[in-house]
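J.: Protein chains in written order, with the numbering used here: chain A, 1 to 118; chain B, 1 to 106.
Bear in mind the hints are in silico, worked out from the structure with no lab data behind them.
Since the structure is predicted, the reported quantities are computational estimates derived from the model, not experimental observations.
Using N, Cα and C, we set each Cβ at its ideal position, and we do this for glycine too.
Heads up, a few of these hints could be off.
[Stated by the list, open to error] So the derived list for chain B, only partly shown, Cβ under 7 Å to chain A, looks like this:
hint, residue
1, Pro44
2, Ser46
3, Tyr49
4, Gln55
5, Pro59
6, Phe62
7, Ser91
8, Thr94
9, Tyr96
10, Gln100
11, Gly101
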Amino acid sequence: QVQLQESGPGLVKPSGTLSLTCAVSGGSISSNNWWNWVRQPPGKGLEWIGEIYHSGSTNYNPSLKSRVTISVDKSKNQFSLKLSSLTAADTAVYYCARDLGSRQENYWGQGTLVTVSS
Amino acid sequence: DIQMTQSPSSLSASVGDRVTITCRASQSISNYLNWFQQIPGRAPKSLIYAASSLQSGVPSRFSGSGSGTDFTLTISSLQPEDFATYYCQHSHTTPYTFGQGTKLEI
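Pulled out of the complex, with its shape left as it was, chain A reads as follows (with noise of 0.2 Å):
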């Protein structure tokens, strides 16, 4: 059953960049999947960030659209996310997770808490 790992850093500072990456283990990232990040702010709801395929075709909240990129590696199994020009509102654990926008199974890492403050 294929797994979803989050990792990076866990304290960032305000104006910087976030850096995430979500290794894939028991299934291929070439495989026919689409690959997502969600986040959570603490106390709040599931917001959708964005999704990749293995070809680099991504689709992007337009909400966070001129600050995000998903970026695909496949020689490592994983892809990864960038969040630019942070603030405080987006101090949230970040998850990846699988099949999100298709109407199959659906898989999910254990999330990240990043949070944004000097």
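Dock chain B against chain A, hints included.
T.: Chain B alone, transformed into the frame defined by chain A:
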């Protein structure tokens, strides 16, 4: 963007009860609808995809139904481990959006 509205926002129930949570989309989404369970401090767990298909490993007491704009998640007989927050999410078009959540309490 398609808006997803869940009702109720919170619900009190007892072990053994049958519970239904409703999710309404602001426009038709066919059956592009997922349901998730989230326990505090944990990642969301997939329960139902494509409105009515049970994710592997999920107990059969969970079921989903609906199409178009109105959907339901039903738990046939509540177990102690089912007390959590439940979210719906549409996957019809990007941006995918989630309902605000339904907190199921004892």
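J.: Determine for every hint whether it applies to the structure shown.
T.: Hint check:
| no. | hint | in the structure |
| --- | --- | --- |
| 1 | Pro44 | holds (6 Å) |
| 2 | Ser46 | holds (5 Å) |
| 3 | Tyr49 | holds (6 Å) |
| 4 | Gln55 | holds (5 Å) |
| 5 | Pro59 | violated (16 Å) |
| 6 | Phe62 | violated (14 Å) |
| 7 | Ser91 | holds (5 Å) |
| 8 | Thr94 | holds (4 Å) |
| 9 | Tyr96 | holds (4 Å) |
| 10 | Gln100 | holds (5 Å) |
| 11 | Gly101 | holds (6 Å) |
Checked against the numbered hints given earlier, the structure breaks hints 5 and 6 and satisfies all the rest.
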